[in-house]
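Engineer: Okay, here's what each chain looks like letter by letter:
Number of protein chains: 2
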Amino acid sequence: MTNQSVRVGLMGMGTVGTGVYRLVESHQEDLSQQTGMNIEIARILVQDKEKKRTIDVESDLFTDDPDSLLQDPEIDVIVEVMGGVERTREHILAALQQGKHVVTANKDLMAVHGGELLEEAAKNGCDLFYEASVAGGIPILRALVEGFSSDRITKMMGIVNGTSNYILTKMSQEGGNYEDVLKEAQELGYAEADPTADMGGLDAARKMSILSTLGFHVGMNLDEVDCNGMENVTLEDIEYAEQLGYTIKLIGIAKQDDNLIEVSVEPTMLKHSHPLSSVHGVFNAVYVYGEAVGETMFYGPGAGELPTANAVVSDLVTVVKNMKLGVNGRGMVAPYKEKKLKKDEEIFSKYFMRLLVDDQSGVLAQITQKLAGYDVSIEQVIQRPHHLEHKAELIIVTHQSSKKGIQEVLSELEKLEHIEEIKSYYRVENGD
Amino acid sequence: MTNQSVRVGLMGMGTVGTGVYRLVESHQEDLSQQTGMNIEIARILVQDKEKKRTIDVESDLFTDDPDSLLQDPEIDVIVEVMGGVERTREHILAALQQGKHVVTANKDLMAVHGGELLEEAAKNGCDLFYEASVAGGIPILRALVEGFSSDRITKMMGIVNGTSNYILTKMSQEGGNYEDVLKEAQELGYAEADPTADMGGLDAARKMSILSTLGFHVGMNLDEVDCNGMENVTLEDIEYAEQLGYTIKLIGIAKQDDNLIEVSVEPTMLKHSHPLSSVHGVFNAVYVYGEAVGETMFYGPGAGELPTANAVVSDLVTVVKNMKLGVNGRGMVAPYKEKKLKKDEEIFSKYFMRLLVDDQSGVLAQITQKLAGYDVSIEQVIQRPHHLEHKAELIIVTHQSSKKGIQEVLSELEKLEHIEEIKSYYRVENGD
Numbered sequence: 001m002t003n004q005s006v007r008v009g010l011m012g013m014g015t016v017g018t019g020v021y022r023l024v025e026s027h028q029e030d031l032s033q034q035t036g037m038n039i040e041i042a043r044i045l046v047q048d049k050e051k052k053r054t055i056d057v058e059s060d061l062f063t064d065d066p067d068s069l070l071q072d073p074e075i076d077v078i079v080e081v082m083g084g085v086e087r088t089r090e091h092i093l094a095a096l097q098q099g100k101h102v103v104t105a106n107k108d109l110m111a112v113h114g115g116e117l118l119e120e121a122a123k124n125g126c127d128l129f130y131e132a133s134v135a136g137g138i139p140i141l142r143a144l145v146e147g148f149s150s151d152r153i154t155k156m157m158g159i160v161n162g163t164s165n166y167i168l169t170k171m172s173q174e175g176g177n178y179e180d181v182l183k184e185a186q187e188l189g190y191a192e193a194d195p196t197a198d199m200g201g202l203d204a205a206r207k208m209s210i211l212s213t214l215g216f217h218v219g220m221n222l223d224e225v226d227c228n229g230m231e232n233v234t235l236e237d238i239e240y241a242e243q244l245g246y247t248i249k250l251i252g253i254a255k256q257d258d259n260l261i262e263v264s265v266e267p268t269m270l271k272h273s274h275p276l277s278s279v280h281g282v283f284n285a286v287y288v289y290g291e292a293v294g295e296t297m298f299y300g301p302g303a304g305e306l307p308t309a310n311a312v313v314s315d316l317v318t319v320v321k322n323m324k325l326g327v328n329g330r331g332m333v334a335p336y337k338e339k340k341l342k343k344d345e346e347i348f349s350k351y352f353m354r355l356l357v358d359d360q361s362g363v364l365a366q367i368t369q370k371l372a373g374y375d376v377s378i379e380q381v382i383q384r385p386h387h388l389e390h391k392a393e394l395i396i397v398t399h400q401s402s403k404k405g406i407q408e409v410l411s412e413l414e415k416l417e418h419i420e421e422i423k424s425y426y427r428v429e430n431g432d
Numbered sequence: 001m002t003n004q005s006v007r008v009g010l011m012g013m014g015t016v017g018t019g020v021y022r023l024v025e026s027h028q029e030d031l032s033q034q035t036g037m038n039i040e041i042a043r044i045l046v047q048d049k050e051k052k053r054t055i056d057v058e059s060d061l062f063t064d065d066p067d068s069l070l071q072d073p074e075i076d077v078i079v080e081v082m083g084g085v086e087r088t089r090e091h092i093l094a095a096l097q098q099g100k101h102v103v104t105a106n107k108d109l110m111a112v113h114g115g116e117l118l119e120e121a122a123k124n125g126c127d128l129f130y131e132a133s134v135a136g137g138i139p140i141l142r143a144l145v146e147g148f149s150s151d152r153i154t155k156m157m158g159i160v161n162g163t164s165n166y167i168l169t170k171m172s173q174e175g176g177n178y179e180d181v182l183k184e185a186q187e188l189g190y191a192e193a194d195p196t197a198d199m200g201g202l203d204a205a206r207k208m209s210i211l212s213t214l215g216f217h218v219g220m221n222l223d224e225v226d227c228n229g230m231e232n233v234t235l236e237d238i239e240y241a242e243q244l245g246y247t248i249k250l251i252g253i254a255k256q257d258d259n260l261i262e263v264s265v266e267p268t269m270l271k272h273s274h275p276l277s278s279v280h281g282v283f284n285a286v287y288v289y290g291e292a293v294g295e296t297m298f299y300g301p302g303a304g305e306l307p308t309a310n311a312v313v314s315d316l317v318t319v320v321k322n323m324k325l326g327v328n329g330r331g332m333v334a335p336y337k338e339k340k341l342k343k344d345e346e347i348f349s350k351y352f353m354r355l356l357v358d359d360q361s362g363v364l365a366q367i368t369q370k371l372a373g374y375d376v377s378i379e380q381v382i383q384r385p386h387h388l389e390h391k392a393e394l395i396i397v398t399h400q401s402s403k404k405g406i407q408e409v410l411s412e413l414e415k416l417e418h419i420e421e422i423k424s425y426y427r428v429e430n431g432d
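Each protein sequence line maps, in turn, to chains A and B.
All residue numbers for the first sequence refer to the UniProt record's numbering, where the first residue is 1 and numbers rise by one.
All residue numbers for the second sequence refer to the UniProt record's numbering, where the first residue is 1 and numbers rise by one.
Pulled out of the complex, with its shape left as it was, chain A reads as follows (with noise of 0.2 Å):
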């Protein structure tokens, strides 16, 4: 018996893109023994047709017409890598209404267009997968769907950019300040020229988006994700955070109470305990606290040519599974619950600050004082000599405390005649 054939158009044929082409070519067999069907690269989409390439495809499978894919009657999935959200949104919504099902590792579209996309899916019957979107190799949004389907999730934690673990993990292991580390990275090819995406939380806040579009059962927008990078945590913060039992990493939070949400990027301190505080270099990782199992973590690899390709190619097998079975486009579970977003002064944690102030009798009190006013209390206070004369360093952890207070309290404190600068503040995180 021969098996039916799946015609795959692959949009993109960058490091993702090699990656699939390799594993759909090499897992041939074990493909299609799970799914009883043959799968087959048709088409690929390229910018330039006659670039060298890194391994073996027929040169006639490259066509520089994306038409030429999403208008074959003869494809039935179109695999996204090619990167790029305007222009890319029409393709997909195209390959949707040609009844094509969709594979895409692309988080910027998804954080934008995502419910759009979705919709646009279920309404043609068709599947669109993006399990590759979110911390590359590890099959979180399957976890989040499927896993923990009968569950309440109040809680998720990631470590969901490579890069900027990666740098604050060199800096934090070797000492060495930001803009070395980031250099030192761009030239090894670990960071990008242009960083900021990476290092400015944007795009870990598309993640967190799309984990809080899973996890909460609402639609949540990118523009709603507070979003806060990591080019201002310093070595000397990193070295504060170590002596009191901290690391510092760019952690995206996403929290649900009582059905009202937060979400955020920001530098967090966390305990050394917490099992996220262990995740180094280019390695990511989710935390997820449910109501019923508690506490989870899931650990791998969050890019690169072939863990991402695996996430990738593992959504293909279950395109094909469905279209075996017929049944396509009907598993997906839309957000069904309404979306209230938390206000500042709803939004609780510990908070880590650091102030230069004055050496001199009284300032204390003063600062202590300004604190309570604003219901900020204190779980502990160091003090420390500064090498200018006359100052000292202040180091805070707060208890539990409103954002709103505390953002208050941080301007009323730069305003006070003895402090002389807040040099940093970090929220904290005990994984209490």
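Where hints are given, some of them may not hold.
One copy or two, either will do: identical chains are not told apart, so a pair holds if it fits within one copy or between any two.
[To be verified] Using 20 Å as the maximum straight-line C-alpha spacing, the simulated SDA-like pairs for lysine to any residue come out as follows:
hint : residue 1 : residue 2
1    : 271       : 54
2    : 123       : 325
3    : 337       : 289
4    : 404       : 425
Hints listed in this document are in silico derivations from the structure and should not be mistaken for laboratory results.
On a predicted model such as this, the values are computed, not experimentally measured, just so you know.
Here the structure of chain A is known, so what remains is to put chain B in place on it, guided by the hints.
Structural biologist: Same frame as chain A, but now just chain B:
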């Protein structure tokens, strides 16, 4: 529009059964949003109908007659959380033959009769899911079957027994010896009165047999898992390991090289940098290495009422979704690979050994010569004075050596005049 109802027969109302009942009742609305069906627990099989329960359940749901669930044509799904093997196997076979779908948390059953039961399920177009049987709340079976469907898994390592991990963690963190810590754990209810299956590795072996079947696509039998318990791990070994940068854990290891498979459970020294080495207490974790994805780890609670119930009810949700789509029993991939097990001479690892020897010249030379004779080369030797006069303790860490070579050389060493005792030996995993 009123949703259609799915009627569930719950077999067992112990810890997990209670959790399943709680979750289904309290999450009714979420479950029906996700499945488009109402899930109703229609009957509950218990041993004692009159027993006082911790939750409020209508008393006419209880029955002590299995047939009133198995033979009732109105019951669509059987959820089996009563435990036991032979009689339970008969019940599940009967359920499947009646066309009922089955969700079970029963690792003992699945490790021994899984192949037969899955075949019967397929024959009758029924789903048979068992996510809860391995690592409680961690959706690891889904990850293997779906998340890594396009990858080739070459290694799985699991801390899949929470009780023994709790004991080892306590010994290592607080310095108690095995008997004392076990006794305390029994008093606290963390360990069973009969701890044999947990400490002796049988419980972990069952789970590794299930993981190997799914990860390697072969039908693994429980008696093919080489099973060694952790009852003989001493505080001294833990301390020596610590000094060398290792943690001792009871690890299930399943490896595949060139299609040759080895599966074992044994106390193992893990390099501190290995992600599994920081899994403490009753937590479970499964480390999965795939050719494409590389290193991943899945971490979470390995047992408990609600974590396990969450896995069971998430399986139930999948059954109900499949019912809605009419595709039950059609997604399963039966083992399709030929199973070839490694012989002891094909199993390679580093080893740690600790010997009590006569403290006199020439002894070390004699030992290293013996090792060389069996192709066991040495990475590290430490000699320490021993409190017994004229005795010394010898710690040897080998390079990769065959299991057969190690066993042969140990039995040779035992015969040497100047070796008083082979105190212990362990497999060593560096994560390379």
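Engineer: Which of the numbered hints above does this structure break?
Structural biologist: Number 1 - this is the single hint that the structure violates.
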